[in-house]
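K.L.:
Starting from the known structure of chain A, fit chain B onto it as the hints suggest.
Just so you know, the protein sequences line up as chains A and B, in that order.
In this text, residue positions in the first sequence follow the numbering used here: the first is 1, and each later residue adds one.
In this text, residue positions in the second sequence follow the numbering used here: the first is 1, and each later residue adds one.
Be aware that a few hints might be false.
Claimed, not checked - BS3-like cross-link-like pairs, simulated, lysine-lysine; straight-line CA separation at most 30 Å: (1) B:Lys338 x A:Lys192; (2) A:Lys20 x B:Lys314; (3) B:Lys307 x B:Lys338; (4) B:Lys154 x B:Lys295; (5) B:Lys265 x B:Lys250; (6) B:Lys435 x A:Lys147; (7) A:Lys4 x B:Lys338; (8) B:Lys338 x A:Lys229; (9) A:Lys20 x B:Lys307; (10) B:Lys295 x B:Lys181; (11) B:Lys314 x B:Lys338; (12) B:Lys402 x B:Lys154; (13) A:Lys73 x A:Lys20; (14) B:Lys43 x B:Lys226; (15) B:Lys181 x B:Lys112; (16) B:Lys100 x B:Lys285; (17) A:Lys4 x B:Lys307; (18) B:Lys154 x B:Lys226; (19) B:Lys100 x B:Lys400; (20) A:Lys20 x A:Lys4; (21) B:Lys162 x B:Lys77.
Said to hold, decoys possible - Simulated coverage check for chain A against chain B, where a stretch passes if three residues somewhere in it have a Cβ under 8 Å from a Cβ of chain B: (22) 9-21; (23) 154-163.
Think of the hints as simulated: they come from the structure by calculation, not from any bench.
Where a beta carbon is used, it is the ideal one built from N, C-alpha and C, also for glycine.
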Amino acid sequence: MTEKHEYYPDSFLFSASLEKVMGTRFFILLLGKEERQASELWEEVRSLLESGDSVFNRFSSESEVSKVNALLKERGEAILSDVLARSVADCVEFRRRTSGLFDITKDSKKELTIEGNVLRAEDAELDFGGYAKGWALRQIMSLLESKGVSVAFVDFGGSSICALGSHPAGDCWSVDLNSPRTGMYLNTFSLKDSSLSTSGNTPAYSGHIVNPITGEANNRNMVVSVEGKDPLVCEVLSTAYMLCHSEELREGMRREFGDYVFNAYSDLL
Amino acid sequence: MEYKDKLALDLSRRVFLKNLGFVAGGAALFSSMPWLSSCTPEKLAQMGKEVARVALIGTGSRGQYHIHNLKLIPHAKIVAICDVYAPNLEAAAQLCPDAKRYTDYKKLLEDKEIDGVIISTPLNMHASITLDSLSAGKHVFCEKAMARTLDECKAIYDAYQKTDRALYFCMQRMYDPKYIKGMQLIRDGVIGEVVGMRCHWFRNADWRREVPSPELERAINWRLYKESSGGLMTELACHQLEVCNMAAGKIPQSVTGMGDIIYWKDGREVYDAVNVIYRYSDGRKINYESLISNKFNGMEDQILGHKGTMDLTKGVYYLEEDNSRSGIETLVGSVRDKVFSSVPLAGPSWRPEVKGNSIPHAIIEGKVSVNGGQNMIGVDNDASDTILSAFCTSCITGEKAKDVVEEAYCSTVLCLLGNKAMEEQRTIIFPDYYKIPYMKF
Numbered sequence: 001m002t003e004k005h006e007y008y009p010d011s012f013l014f015s016a017s018l019e020k021v022m023g024t025r026f027f028i029l030l031l032g033k034e035e036r037q038a039s040e041l042w043e044e045v046r047s048l049l050e051s052g053d054s055v056f057n058r059f060s061s062e063s064e065v066s067k068v069n070a071l072l073k074e075r076g077e078a079i080l081s082d083v084l085a086r087s088v089a090d091c092v093e094f095r096r097r098t099s100g101l102f103d104i105t106k107d108s109k110k111e112l113t114i115e116g117n118v119l120r121a122e123d124a125e126l127d128f129g130g131y132a133k134g135w136a137l138r139q140i141m142s143l144l145e146s147k148g149v150s151v152a153f154v155d156f157g158g159s160s161i162c163a164l165g166s167h168p169a170g171d172c173w174s175v176d177l178n179s180p181r182t183g184m185y186l187n188t189f190s191l192k193d194s195s196l197s198t199s200g201n202t203p204a205y206s207g208h209i210v211n212p213i214t215g216e217a218n219n220r221n222m223v224v225s226v227e228g229k230d231p232l233v234c235e236v237l238s239t240a241y242m243l244c245h246s247e248e249l250r251e252g253m254r255r256e257f258g259d260y261v262f263n264a265y266s267d268l269l
Numbered sequence: 001m002e003y004k005d006k007l008a009l010d011l012s013r014r015v016f017l018k019n020l021g022f023v024a025g026g027a028a029l030f031s032s033m034p035w036l037s038s039c040t041p042e043k044l045a046q047m048g049k050e051v052a053r054v055a056l057i058g059t060g061s062r063g064q065y066h067i068h069n070l071k072l073i074p075h076a077k078i079v080a081i082c083d084v085y086a087p088n089l090e091a092a093a094q095l096c097p098d099a100k101r102y103t104d105y106k107k108l109l110e111d112k113e114i115d116g117v118i119i120s121t122p123l124n125m126h127a128s129i130t131l132d133s134l135s136a137g138k139h140v141f142c143e144k145a146m147a148r149t150l151d152e153c154k155a156i157y158d159a160y161q162k163t164d165r166a167l168y169f170c171m172q173r174m175y176d177p178k179y180i181k182g183m184q185l186i187r188d189g190v191i192g193e194v195v196g197m198r199c200h201w202f203r204n205a206d207w208r209r210e211v212p213s214p215e216l217e218r219a220i221n222w223r224l225y226k227e228s229s230g231g232l233m234t235e236l237a238c239h240q241l242e243v244c245n246m247a248a249g250k251i252p253q254s255v256t257g258m259g260d261i262i263y264w265k266d267g268r269e270v271y272d273a274v275n276v277i278y279r280y281s282d283g284r285k286i287n288y289e290s291l292i293s294n295k296f297n298g299m300e301d302q303i304l305g306h307k308g309t310m311d312l313t314k315g316v317y318y319l320e321e322d323n324s325r326s327g328i329e330t331l332v333g334s335v336r337d338k339v340f341s342s343v344p345l346a347g348p349s350w351r352p353e354v355k356g357n358s359i360p361h362a363i364i365e366g367k368v369s370v371n372g373g374q375n376m377i378g379v380d381n382d383a384s385d386t387i388l389s390a391f392c393t394s395c396i397t398g399e400k401a402k403d404v405v406e407e408a409y410c411s412t413v414l415c416l417l418g419n420k421a422m423e424e425q426r427t428i429i430f431p432d433y434y435k436i437p438y439m440k441f
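With the rest of the complex left out, here is chain B:
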């Protein structure tokens, strides 16, 4: 079987859950990660042979990436495409020639044949298009981050409380097997108590796109201008902060940081280097760093525990203490208490792990896809296809994905607060107005 056919089969049958070995432990999994409950065989049966009729709003590089993935999802059909920039629309039309073409998304939203829309536009357009799409009765899948401003995020969140439509943001780590299993291991105490987080994303690229005509600079290179972009925070940190919050089980209370344009002094407005520290109420911190003039360190999402480190990006964890000590402590206790029991001590030889001599343990069995963070459009097997497939399922079943909007809201608001802290050069306390019931501080 060809790789693409296998992928299509995987996406339709949700075998990724089985591949994680979660069949027996499903109840516990769905309790801690309820959004995955839309990926069960029962949901598949409920879907029957129905197909989600979807349209793409924004068909630039990321939109075209989604088109490639959608073509591999058996229960998805691309019925329309929309872009204001003719070359992007033409490129998308080459990929799906049967889709209707639009240059005005509002016209597209009038089309009753469309169940759901996939929004891959510049960040400052997310809010208006998402809100209009929900109002038009469409299910919505929008790229992260949620929106350009705090008020826009709040408006989307409030609208979502009132709608019966499904709304997804592309928080693909929530559907990535190594992150799912890694979070389970963290909750099972494998790395002990979570004491901190270190995330970084390094690239060596200017982030620029070629501009055929000067008046298109701000439209095409929208990531470089504050009006349309939150820079490194909304484009990169958004995913990583979400992972930290999941590991911490709460939301940071304050943020401080420094941002600068160090190397790419080409007229851009957003920082090319950020160092941000988020602080939780219990003193734990996220140390976040991103720099796009040096790629040596790549991308890493590290959750630090008092017994080990979970390196979720690479799908491995490291233990720094003797993990069989708990068995020894049990044995000592059983002798002192005169209670006879069997202790789990036997096994292949334990080896010490210290920095420089650390032994990585695989979070999941089998081949693990590792995203080095250098691709600026999207990579294979980072679960963007899985979350997109889940969205298509929602278009058919009408079921909302639990917690996806909430997670996107939390991480986007944190990104925007991080930018605010850097711009105002002060520590920002999480504002009460933007708190939602989902958040625990």
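Just chain A, with the same shape it has in the complex:
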């Protein structure tokens, strides 16, 4: 992981970035803190990101999820850490609330039961791709608020953005969404104490979102954004909404998560 950070004393502005964490890059702006306080906070944020990577990164054989997947393959059962156990329980609940469209097994036929820290799932492979960044952001935003940070901006790979307070010269943090295919402008989001998550296919990377009900990869030229309070819920819903294959499902999801704003863009141009 390549880390960079800088403090601008004239603006009480601390900026930092981390390359190649959870498969993408992380960027944060903290405002209104002295350099020492901001640096200490950044160290805590980094620590959270690194611990998230060590739990959820299925491309690392040393991560907990990789070890759990190996155990599930061998025995159909594994004992999880508290973090992973709570996350699996979360995901089971999201699976129910999204009519099966959000599924860390990527297969709606797989049984997944969690009792305490014991996970039972025959022949299942867990993939927290649509969850992990949201999990990390939820922890980070909670940490920042607990440390009295009232103005901050976090960008996790462009697909997950959180904003606390407002830009010093505005009444929110304003973020544009452009088409990943054409660069064409699609929308502007005004974020204030809220989060935005975006899912979609890009020319270079498509077919990575698999419908757990049909088993088919989603190759549609489409971009979905979900805006709301909790970055983890936004993260989960942007993936699930991308997979809705009927208006009925979309309507059901909007009703179930009434506090969240869903935007879908056909990206055919």
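P.N.:
Chain B in isolation, oriented as in the chain A frame:
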């Protein structure tokens, strides 16, 4: 609709420009690539239902390739064919039986019914036939490279300054959508500052044609002998150097290189392996390599930028840095300057790209034709048909194609200087005598 019919429609309507999505940005496109201005719907309207009456001089394999393409161009009619070698002439006559046959191109040039000629002869004949054709009042389309010698190139260039006839050389990359769009992306800064170029062309073939009688060896296998051929440089590198110069926006100041006959020791005179380095005045370089005894690496035209690599042959580019960083830098700046603005940060997840893990981005949408470089005659969809169609349009409108001759001149002269550097085993500085106003060093 059959593929051939669709192609014919494309060639007549120039929809390839629309397919590039350039309709709205046409002005900028034509400003940077003025030769494409002859491919507009306005030019089509100007053409009406007129047909270009064209003749082919040289009807070997490449000439016959052009015949196949011409038959798909609605505004082209083949009225005559010419070749000194009877089997080639006969083969062409089978393809266009109504065309008049000639064995002497000078006789063909006397035919007033011919608007333009298409020259596909050995390289050492390009200059004399091109100059004679222009003198005879014909529009001319000639195969690349421009000519066998530097002085012949200069003579053609000088003649072109004085004529009102259209002159094209088959620099098809100038009309290839992936190269056109790729150049636009380079100019838009997608790969950052251009810092170098790497081009290569590898084949595993001896380049020989079957010879029915020994006295025809030098005529049929003309590519293998220095009198008639510049070898790998004029036959292959010519296209690639042109692309490099377009990306660099200038012409190299010097060249050095090494050429050898490594594998095909069959009496040929031209190198079967070349490594040439062209150096621009600002230190950037073209690393060029061609070898015809190993095809593993195929053909690639790579433009290297400090933010990414444009692989024009394959129609893709790679980014090596976080391309959303500029948005983040904008955000930091806006906070420090206390200027509120929206930043383009949101989108599907960014993924890092490093060697071995690079993600190709398509230069253009839709199906991209990739030429692996192994075919020695010509391939479908490499834009040879498009530039030929543009030539036929010029035969009708009388309009010269901007920059095509200049680009052909620059790249051919560079090829010939590359050969000179290899033969004399020294660094050659671009000679003042062969500089033209079009060149920027």
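K.L.:
Now tell me if each hint is right for this structure.
P.N.:
Each hint, compared with the structure:
Distance check on the hinted pair: Lys338 (chain B) and Lys192 (chain A) sit about 17 Å apart at the alpha-carbon level, within 30 Å; holds. Under the criterion of a C-alpha separation no larger than 30 Å, the hint pairing Lys20 (chain A) with Lys314 (chain B) is consistent with the structure, at around 27 Å. Restraint check for Lys307 (chain B) and Lys338 (chain B): the C-alpha separation of about 29 Å stays at or below 30 Å, so the hint holds. Pair hint Lys154 (chain B) plus Lys295 (chain B) does not hold up; C-alpha atoms about 35 Å apart against a cutoff of 30 Å.
Distance check on the hinted pair: Lys265 (chain B) and Lys250 (chain B) sit about 37 Å apart at the alpha-carbon level, beyond 30 Å; violated. Using a Cα cut-off of 30 Å, the hinted pair Lys435 (chain B) and Lys147 (chain A) is violated, with the two alpha carbons roughly 68 Å apart. Restraint check for Lys4 (chain A) and Lys338 (chain B): satisfied, since their Cα atoms lie roughly 23 Å apart, inside the 30 Å limit. Taken as a hint, the Lys338 (chain B) and Lys229 (chain A) pair is honoured in the structure, with Cα atoms around 26 Å apart against an allowance of 30 Å.
Between Lys20 (chain A) and Lys307 (chain B), the direct Cα distance comes to roughly 17 Å. Compliance with the 30 Å bound is thereby established for this hinted pair. Restraint check for Lys295 (chain B) and Lys181 (chain B): the C-alpha separation of about 28 Å stays at or below 30 Å, so the hint holds. Among the hinted pairs, Lys314 (chain B) with Lys338 (chain B) is inconsistent with the structure: their alpha-carbon atoms are about 44 Å apart, more than 30 Å. For the hint linking Lys402 (chain B) to Lys154 (chain B), the alpha-carbon distance of about 18 Å falls within 30 Å, and the restraint holds.
Of the pairs offered as hints, the one joining Lys73 (chain A) and Lys20 (chain A) holds, with about 28 Å between alpha carbons and a cut-off of 30 Å not exceeded. A C-alpha spacing of about 42 Å is found between Lys43 (chain B) and Lys226 (chain B), which places the hinted pair above 30 Å, so the restraint is violated. For a cut-off of 30 Å, the pair hint linking Lys181 (chain B) to Lys112 (chain B) is broken: about 40 Å separates their Cα positions. Restraint check for Lys100 (chain B) and Lys285 (chain B): not satisfied, since their Cα atoms lie roughly 48 Å apart, outside the 30 Å limit.
Restraint check: the Cα-Cα separation between Lys4 (chain A) and Lys307 (chain B) comes to about 18 Å, which is no more than 30 Å; the hinted pair holds. With a C-alpha separation of about 19 Å, the suggested pair Lys154 (chain B) and Lys226 (chain B) falls inside the 30 Å cut-off, and the hint holds. Restraint check: the Cα-Cα separation between Lys100 (chain B) and Lys400 (chain B) comes to about 27 Å, which is no more than 30 Å; the hinted pair holds. The suggested pairing of Lys20 (chain A) with Lys4 (chain A) holds, with an alpha-carbon distance near 12 Å, which does not exceed 30 Å.
With a C-alpha separation of about 27 Å, the suggested pairing of Lys162 (chain B) with Lys77 (chain B) holds against the 30 Å cut-off. For the segment 9-21 of chain A, the proposed coverage by chain B is satisfied: 7 residues have a C-beta within less than 8 Å of a C-beta in that chain, meeting the threshold of three. Counting residues of the segment 154-163 of chain A whose CB lies closer than 8 Å to any CB of chain B gives 6, so the stated coverage by that chain holds, three being the minimum.
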